[in-house]
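Keeping the supplied structure of chain A fixed, place chain B upon it in accordance with the hints.
Number of protein chains: 2
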Amino acid sequence: PDDTSAEQARDRQGILTKPPGSLGKLEELAVWLASWQGREKPKLDRVEVFVFAGSHGVTNRGVSAFPAEVTAQMVANFEHGGAAINQLARQAGANLTVIPLDIDQPTVDFTIAPAMDEQAFLDAVNIGYEAVKDRPDLVVLGEMGIGNTTVAAALSCALLGGEGADWVGRGTGVDDEGLQRKASAVDDAKTCHGNALSDPLEALRRVGGRELAAMFGAILAARHAQVPVLLDGFVSTAAALPLAKLDPNGLAHTWAAHVSAEAGHRRLLDALQMKPLLDLGMRLGEASGACLAVNILRGAIACHNGMATFAEAGVSDG
Amino acid sequence: PDDTSAEQARDRQGILTKPPGSLGKLEELAVWLASWQGREKPKLDRVEVFVFAGSHGVTNRGVSAFPAEVTAQMVANFEHGGAAINQLARQAGANLTVIPLDIDQPTVDFTIAPAMDEQAFLDAVNIGYEAVKDRPDLVVLGEMGIGNTTVAAALSCALLGGEGADWVGRGTGVDDEGLQRKASAVDDAKTCHGNALSDPLEALRRVGGRELAAMFGAILAARHAQVPVLLDGFVSTAAALPLAKLDPNGLAHTWAAHVSAEAGHRRLLDALQMKPLLDLGMRLGEASGACLAVNILRGAIACHNGMATFAEAGVSDG
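Protein chains in written order, with our numbering: chain A, 1 to 318; chain B, 1 to 318.
The following block holds chain A by itself, in its conformation from the complex (with noise of 0.2 angstroms):
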């Protein structure tokens, strides 16, 4: 981050037409958005929205209330652009670009092996690492894969502690059999890796899938790009919580866009200190929240670039 252009960014921020502090988060944004981007006035020009998908072997245990092969209609359905996210995307004046993870070839049931092998593991983070180019003004990070709450659920409960029961939640709207089903296969992907979950890197490989291995790869290039992330659910922060376990200020270049109604995922924002800028009771995935998200940032910088000073307009200042 830049902190020259931070600190301009604040200074300007207490010199606009309003009370100091007054816009609340809009100016944290604009301060935040200004220190990666090392510029005093930031642009959303260019925002990139990554959707990758993947298969899951989990799904052999009943923990999803839709099949397996929903996740490649919903890939196709993101192509004929019928999808929410096609809707959000064009509304957030994004580009949306979806990525899928060899969704034939569904990962390993992790409750008895690893869900991919190391290569597979690193293609993945690789294509995801690839997708960032050319730094884009904002990434902005969404997945789909039937089955994937229950992954979100074992990787946070392998890097952080407490039974499946603590992290899994209904999903895409499983009864109360699939729920126990979905802490069940968590509880058993513990048993069944022991202390290799201890490693952030290796627990992402065995509980992980590939899209949030994905997921993590774009993060980490992001941040080696100085490109701030918006970060959307349950999911997409689960793919993100490695690099916090790897460094406590591995997540500085993120934000969390919203909770989405998935129990686990405000358990795992509390954890990882970050506050999400939305609550609207969301549990799509897909970028769904974090491209709503988008507009607020956009608020954010149209306030901060656009306003008149104090001296400008001749507004005395109290």
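Note that these hints are calculated values from the structure, not bench results.
The reader is advised that the hints may include incorrect statements.
The list treats identical chains as interchangeable, and a pair is accepted whether it falls inside one copy or across any two copies.
As the list claims (entries may be wrong) - Below, computed lysine to any residue pairings styled on SDA-like, alpha-carbon distance capped at 25 angstroms:
1. 25 / 65
2. 43 / 308
3. 25 / 266
4. 41 / 80
5. 41 / 281
6. 41 / 81
7. 43 / 312
8. 25 / 263
9. 275 / 170
10. 275 / 21
11. 133 / 223
12. 25 / 161
13. 43 / 80
14. 25 / 270
Remember, it's a predicted structure, so these values are computed and weren't measured experimentally.
Just chain B now, kept in the frame of chain A:
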């Protein structure tokens, strides 16, 4: 409201390519807009933001961190495009109209006499009522008026009970003594007007202000024309309160866009059982929080109107 359109919209939400309910508040918002606009697929082609400005005799009591002349200075700033609301209205794709109400003639200090005589009160209500013309798709209400968080506190206290200290906050940034002066002004107003405050409209005349009366008029006009309304912060919600007191269902066409950092606002929203869309620590007024929420509504209808159904996309519906 149009129950048929609401039901059609609700049915449509059930067949779009997402788990039922997974868009959370966005689904409720789409159905709410459908209901008041009387169309299955709502639109937001014409969004009208009205910012009413007024001057307050109670500023004599030292209730603001800014001098009273800032009201006129900020109205000039609105006209020159330099304020937060100019940037946020543009970013929301909304038309902004600023309506100053005799700002060179403050209301009477309501701690000693009614703020407005009947003619002044009715004139202000009428100006607000007449502002809502030709059935816009959405009305967004905000205000400017140094001293008016004390007015909002007095009106809330008059109609909902409690003491001044329960309803006042730091507004534009008063210190501890200023906060005490605000609480005393509210308590003195209750003592001065006594039982006359039990009538909601009489309370609005006696301890309100011109911009609150105008917002009340605009909310009433919107109801008559079946136009949905976004309320902004503490002052605009307080202006809506008399209608809720006159009719428990009187604010069904309104939605609280955000909850402000001014503590009285949360208390007031709780009393009205209104759940705000945003909670961003804002406390500026000017319709700033409500304008940010317009883009949440745009996201809601973009999904509602533009998404494919399960049948159209060939996606299994669970």
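Here's how the hints hold up against the structure:
For the homomeric pair residue 25 and residue 65, the shortest alpha-carbon distance between copies (21 angstroms) is at most 25 angstroms, but the shortest distance inside one copy (37 angstroms) is not. Taking CA atoms no more than 25 angstroms apart as the test, residue 43 paired with residue 308 passes inside one copy only; the shortest distance there is 18 angstroms, against 32 angstroms between copies. Taking the shortest alpha-carbon separations for residue 25 and residue 266, both the intra-copy value of 19 angstroms and the inter-copy value of 17 angstroms come in at or below 25 angstroms. For the identical chains of this complex, residue 41 and residue 80 are inter-copy neighbours only, at 21 angstroms across copies versus 36 angstroms inside a copy, given an alpha-carbon limit of 25 angstroms.
Taking the closest pair of Cα atoms, residue 41 and residue 281 come within 25 angstroms of each other only across two copies (22 angstroms); inside a single copy the shortest separation is 32 angstroms, beyond that limit. In this assembly of identical chains, the alpha carbons of residue 41 and residue 81 lie at most 25 angstroms apart only when taken from different copies (18 angstroms versus 33 angstroms within one copy). Proximity of residue 43 and residue 312 under a CA criterion of 25 angstroms is satisfied intra-copy only: 22 angstroms inside one chain copy versus 38 angstroms between copies. For the homomeric pair residue 25 and residue 263, the shortest alpha-carbon distances inside one copy (24 angstroms) and between copies (16 angstroms) are both at most 25 angstroms.
When the C-alpha separation of residue 275 and residue 170 is checked against a cutoff of 25 angstroms, the pair qualifies both within a copy, at 23 angstroms, and between copies, at 24 angstroms. In the homo-oligomer, the alpha carbons of residue 275 and residue 21 lie at most 25 angstroms apart both inside one protomer (17 angstroms) and across protomers (24 angstroms), since each shortest distance falls under that limit. Taking CA atoms no more than 25 angstroms apart as the test, residue 133 paired with residue 223 passes inside one copy only; the shortest distance there is 12 angstroms, against 50 angstroms between copies. Taking CA atoms no more than 25 angstroms apart as the test, residue 25 paired with residue 161 passes in neither setting, with 31 angstroms inside one copy and 31 angstroms between copies.
For a Cα distance limit of 25 angstroms, the shortest separation of residue 43 from residue 80 across copies, 23 angstroms, qualifies, whereas the shortest one inside one copy, 30 angstroms, does not. Taking identical chains as interchangeable, the C-alpha atoms of residue 25 and residue 270 lie at most 25 angstroms apart whether they share a chain (18 angstroms) or sit on different chains (22 angstroms).
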